[in-house]
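Chains as they are written, first to last, in numbering that gives the first Met the number 0: chain A, 0 to 379; chain B, 0 to 379; chain C, 0 to 379; chain D, 0 to 379.
Hints listed in this document are in silico derivations from the structure and should not be mistaken for laboratory results.
The reader is advised that the hints may include incorrect statements.
[Said to hold, decoys possible] Derived pair list, reagent style EDC-like, types lysine to aspartate or glutamate, alpha-carbon separation capped at 20 angstroms:
hint, chain 1, residue 1, chain 2, residue 2
1, D, Lys-42, A, Glu-273
2, C, Lys-182, C, Glu-221
3, D, Lys-116, D, Asp-147
4, B, Lys-257, A, Glu-273
5, D, Lys-63, D, Asp-49
6, A, Lys-211, B, Asp-48
7, C, Lys-372, D, Asp-92
8, C, Lys-211, D, Asp-92
For clarity, every value in this text was computed on a predicted model and none was experimentally measured.
4 protein chains.
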Amino acid sequence: MVGGGNDAFIGAIHRIAANMDGLIEFSCGALSINPEIAVASGKLLFLPDDRNYLTYDEMIKKEKALPEDKRMDFMTIVTPNFAHFAPAMMALDNGFNVVIEKPMTFTLQEAKELKKKVDDTGLLLCLTHTYSGYPMVKQARQMVKNGDFGKVRKIVVEYPQGWLSRLSEREGNAQAAWRTDPKKSGKSGSMGDIGTHASHLAEYISGLKITKLCADLNIVVEGRALDDDGSVLLRFDNGAPGVLIASQIAAGEENALKIKLYGEKGGLEWAQHEPNTLIVKWLDHPTQILRAGVNYTSHLSGFATHNCRTPGGHPEGYLEAFGNIYRNFALTLSARMEGDEPTKEMLDFPQVDEGIRGMAFIDTVVTSNQSDKKWTEFVV
Amino acid sequence: MVGGGNDAFIGAIHRIAANMDGLIEFSCGALSINPEIAVASGKLLFLPDDRNYLTYDEMIKKEKALPEDKRMDFMTIVTPNFAHFAPAMMALDNGFNVVIEKPMTFTLQEAKELKKKVDDTGLLLCLTHTYSGYPMVKQARQMVKNGDFGKVRKIVVEYPQGWLSRLSEREGNAQAAWRTDPKKSGKSGSMGDIGTHASHLAEYISGLKITKLCADLNIVVEGRALDDDGSVLLRFDNGAPGVLIASQIAAGEENALKIKLYGEKGGLEWAQHEPNTLIVKWLDHPTQILRAGVNYTSHLSGFATHNCRTPGGHPEGYLEAFGNIYRNFALTLSARMEGDEPTKEMLDFPQVDEGIRGMAFIDTVVTSNQSDKKWTEFVV
Amino acid sequence: MVGGGNDAFIGAIHRIAANMDGLIEFSCGALSINPEIAVASGKLLFLPDDRNYLTYDEMIKKEKALPEDKRMDFMTIVTPNFAHFAPAMMALDNGFNVVIEKPMTFTLQEAKELKKKVDDTGLLLCLTHTYSGYPMVKQARQMVKNGDFGKVRKIVVEYPQGWLSRLSEREGNAQAAWRTDPKKSGKSGSMGDIGTHASHLAEYISGLKITKLCADLNIVVEGRALDDDGSVLLRFDNGAPGVLIASQIAAGEENALKIKLYGEKGGLEWAQHEPNTLIVKWLDHPTQILRAGVNYTSHLSGFATHNCRTPGGHPEGYLEAFGNIYRNFALTLSARMEGDEPTKEMLDFPQVDEGIRGMAFIDTVVTSNQSDKKWTEFVV
Amino acid sequence: MVGGGNDAFIGAIHRIAANMDGLIEFSCGALSINPEIAVASGKLLFLPDDRNYLTYDEMIKKEKALPEDKRMDFMTIVTPNFAHFAPAMMALDNGFNVVIEKPMTFTLQEAKELKKKVDDTGLLLCLTHTYSGYPMVKQARQMVKNGDFGKVRKIVVEYPQGWLSRLSEREGNAQAAWRTDPKKSGKSGSMGDIGTHASHLAEYISGLKITKLCADLNIVVEGRALDDDGSVLLRFDNGAPGVLIASQIAAGEENALKIKLYGEKGGLEWAQHEPNTLIVKWLDHPTQILRAGVNYTSHLSGFATHNCRTPGGHPEGYLEAFGNIYRNFALTLSARMEGDEPTKEMLDFPQVDEGIRGMAFIDTVVTSNQSDKKWTEFVV
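Here chain A stands alone, though its shape is the one from the complex:
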């Protein structure tokens, strides 16, 4: 693991998620750019001293020097956005698969280079778009794919949070500090952080691609350098319109990602706050409540059930969704290592192409926001 020392948020999440199914062992790390924190964090997490590294450079080199069955199988990068690309490239160059936090890189250009490297090496790159790991999100995707709703006609995805309602970056909140800093976070604040989750979710569930958009980004809290709120009109490649809203100044909201999709025959609604529920609406029939893990007669897709650990009524949450990303990545890796073909269910985790689209999304919303024209083409 690169980054994720004991002063960080998402590193601990990654460790619980990776650890959940007993498929992955946390074996080494370069846990902080600050050597003292790196060492202390590794100790706290029971890393052996000789694999508790100071830098990713050291880690990659020393791990590579280990016998094949002793070295790490993949490397997770949980640093701020600006520090994704270099360790990822180096890891791939040295034969290590990688797991990266989203957004994948600092710039679209970096993303494209990473894509080329992945293609060239044949290694795996897993991007932790957590929300696509929820079973009922997978169920939603399969229902759309099966044509249950007919042609998709409209998508509304919203992601309100309230945690940047104040200028917390000046009040000692470390995560707020880097997320709102263009040098660490990139061109966009809220759109880069959570807008990319929302656009990924919309494309993942619908199976469609955004082709053009019209963005209105705002810096609501005075003194901030990056957008902390934004709304975007979307057009998808089947012609369907959409709306994406991402805001981090929605005071009183926690992490309220929600999507509604409408087709010719019905629609669906999924909210991260109640992730085990998928609301399915029909033009001519009563709304149905599909629930994760329940043994219906022929209602849940294998993609959903593959990602449940417990029977219905035992709520699984964010950590399990995160765990599903790792689990599918690990199962794919294991299958490949043993020369087997991974199943479609195993392969269902976000990869480098999704990472490129995320970076292109950031580029396009920023360009659109600066433009007086209504529509800006979404080009990758």
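Starting from the known structure of chain A, arrange chains B, C and D on it as the hints suggest.
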């Protein structure tokens, strides 16, 4: 009442609403443009034969000829949009107050003429933006006004319906037929019908005015002449951004008007499907559920309680909200007739200025939709 | 109307409900036992002076003396429980149909005499068990009747309110005063007031009858004379077990009547706070959300749609449910007066037999509560 | 781990839960009474061959023979109820702490012996009443303890499941088979399995003890030997009444444990299906929604936040609640091993006394059910 014969939808609603509190008596009507339906409908509703008129023209003239204490006190117009203006003008010209269904007129120009007439005559014009009649909508408005949330920072209002998911206008659905017909409905379909409700609600609750917008209107169902779906980026006069979504092809949705507003210290959420509940979110405190009719110690505004008929836990609905519009209009009328000053609570019903803004909203979204520019000024 | 002066709660509700559909005209009253309040209330409600009576005795006699087409068609009794029987008997004796608030009488014996009188006169007695007027309650009843859930296996009905959490009867709350007074209310407090609603709802929806029960009644607030809380184990006539909970000291609850019923194949859940929704659960299929007024293909029973005034998504509430009781009563009355056979849908309002069961329920829970035996037979 | 082979349900849950926080290592097991399944399961779970035992007897003896820092620190027992006591006693006798699935034993007598052994050895016994591991359950307990609601006046706890709606024990469902078998499960079916969870939750949150009860247990599905449904009237040691409902024939329900508690000033409601939410109702103020992990100003107890792994809006579920039991147990164990005093938060996991009360609950409901008397004393 003009229009609202037994083949119509909203006429019956108006009658129940007006009748609810025993303040208004349904005394005469010209209930249909079709004389047979007019007569038959009047009979069914127990209108005396001599006040069961064939045309509004006849009604206005004959009523005016009655002694003052026998004639109607006001005239309700529930015809399709294109037939609002003429009867309204004639009624006002002859000294009758009017109640009109929204949108107020067919064109913005008509709206302005009506406004002038209202100003000149000093009569009342009540516009039935039903949703502003709900007690918890009034509560929301008062809380914003009191500054409970600090400066308003973002507003999201959405109004999805599914009833035009098919080409119902060709399948004998009379309401669908006129609503989708530009000659009867006006320049816009879904934005005219429900977008105006949504924009009214946003301005009513926030106390702000839209200053510019960026509209994306769509004709989703092939063969239709007017927009059946649309999304609009908004900017309010305090600089706050917003989003308005109105769709009638949201298959599986009923009448799901919902608004979320965020300020510096917290926000609120109200949904028409659970109208007695106002969700109030705080940056630093737990979310609160305010409920209509409940005797809290100092939590409900007098504007809310004035519009409740029952104690908490006895759900009031759409008809009661509609009734509140009529009730406040009637109380204002009575007060004026008796030379009293109506209270602020009585005066709290939509009037001609709101009607003008509705028509300007329609004009602006249509103009914006046709434009390549991102923003179009909202001018009245 | 007998009772319901301007110092009372339920009288105003009755008037709105009766008035809602334009089928019933409020024409006369003896609105209070206090002559001054009676007269003042009648004036306020626009009763003509000569039909604004001082006592029900006077009203019945003078109305009977009017020509048949001028006199009242029925008499509504909204006095406290102890004052139901005498006016009801006198009305029936003089040929007037009656509408009575629940519980029907003060004692079971009175209820039986009333039943005999109704049978002898052939007149109608309508009992306002409001909650059975909701469309989705009727839908629930029909689904059970149709066998959609197979044999009923368990029923849980709960009715928590918080309004008697304090000794409000000593703080000037007039309704609290008579409801907690055994001389006015009868043998039981909360079980008589709301337990009877709950038991009626359970029997109405299930189509089953309670055959024995085990009651635990409590006086929770010190200084009170009647139960303000109670829980009852039930056994129904098909052998199914059940539970009924009625409490008026459930601090923070409004009027949260809720029923859950389970059968072999699935179950249902209905809550008065969201009355337009019926949740239908299935053993092998996803839960369905049935909604009042929605045009499904073959999902809503005619008994439900007959009791809706608006299309789906326009919430109807308590007043409309109350209105449905009056509307069906009035339609039945009109049909009979015109020599027609009322339809099954019209006849679907609570009548004298339900009133007897309510009084027997009160008797049985009080007897059971005083007994050391587990089960007490429910005898009528 | 004793039991929990790859043909079992709860064993896998225990492993994920124990593993979640990196505090506990799964090091040895006697995973099945069937030697082939035991060995195969251990292999699948990467147990080293020499610690993949055939019986708990072998495991305890061989582990004890290992050096202190190599042997297991505690032993988890996840066998059916009848096979809890013997391994637990032997483990304690040999100096191993134990974790046991609920109900703790087969009989109350066994429970008492276990208690004596725990007291004598000074070792820890952790009982996995999972639901008490949820942060918002702990929050509820603390609020009651703090007197936020005043004296507790009524408790309603219900636990409906639908999974035994059919005679699944004859259709190859292994868990159904032993749960409904009196030789493996004990005197009671649904009350033993889930009624004990419900009674534990009620006592845990309220801080009160049941003193007497009146039980109505039913065998609803024909051909079954143990109760699959039951309702119980309760009396707590402060005089407050309560109701407990546990049913496994509630068709269409998943695992819908829910508790409502009312005090003088307000009440609370918690449902396992939305475990991160605690609804707090007030007599004089709006209902509040408390949410796990949210940084309110002074609203969440340290007992709640200690048991959250993620910030608000990242739903934690059943596995995390289970993990909290293990985590607190492990932290207590570690503290003790290092000679430290565990904090109150660490010590907050169910122990042997709760296990005894669970067995006494089973005894009492079965006795009460067979009795004609209304009340049966709850004696331990």
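Evaluation of the provided hints:
The suggested pairing of Lys-42 of chain D with Glu-273 of chain A is violated, with an alpha-carbon distance near 36 angstroms, which exceeds 20 angstroms. For the given pair, Lys-182 of chain C sits about 19 angstroms from Glu-221 of chain C by alpha-carbon distance, which is consistent with the 20 angstroms threshold. For the proposed pair Lys-116 of chain D and Asp-147 of chain D, the alpha carbon gap of about 38 angstroms is over 20 angstroms, so the pair is violated. A C-alpha spacing of about 19 angstroms is found between Lys-257 of chain B and Glu-273 of chain A, which places the hinted pair at or below 20 angstroms, so the restraint holds.
Proposed proximity of Lys-63 of chain D and Asp-49 of chain D is supported: the alpha carbons are some 14 angstroms apart, at most 20 angstroms. With a C-alpha separation of about 61 angstroms, the suggested pairing of Lys-211 of chain A with Asp-48 of chain B is violated against the 20 angstroms cut-off. Restraint check for Lys-372 of chain C and Asp-92 of chain D: not satisfied, since their Cα atoms lie roughly 46 angstroms apart, outside the 20 angstroms limit. A distance of roughly 51 angstroms separates the Cα atoms of Lys-211 of chain C and Asp-92 of chain D; the hinted pair therefore is violated under the 20 angstroms criterion.
Going through the hint list in order, the structure does not satisfy hints 1, 3, 6, 7, 8.
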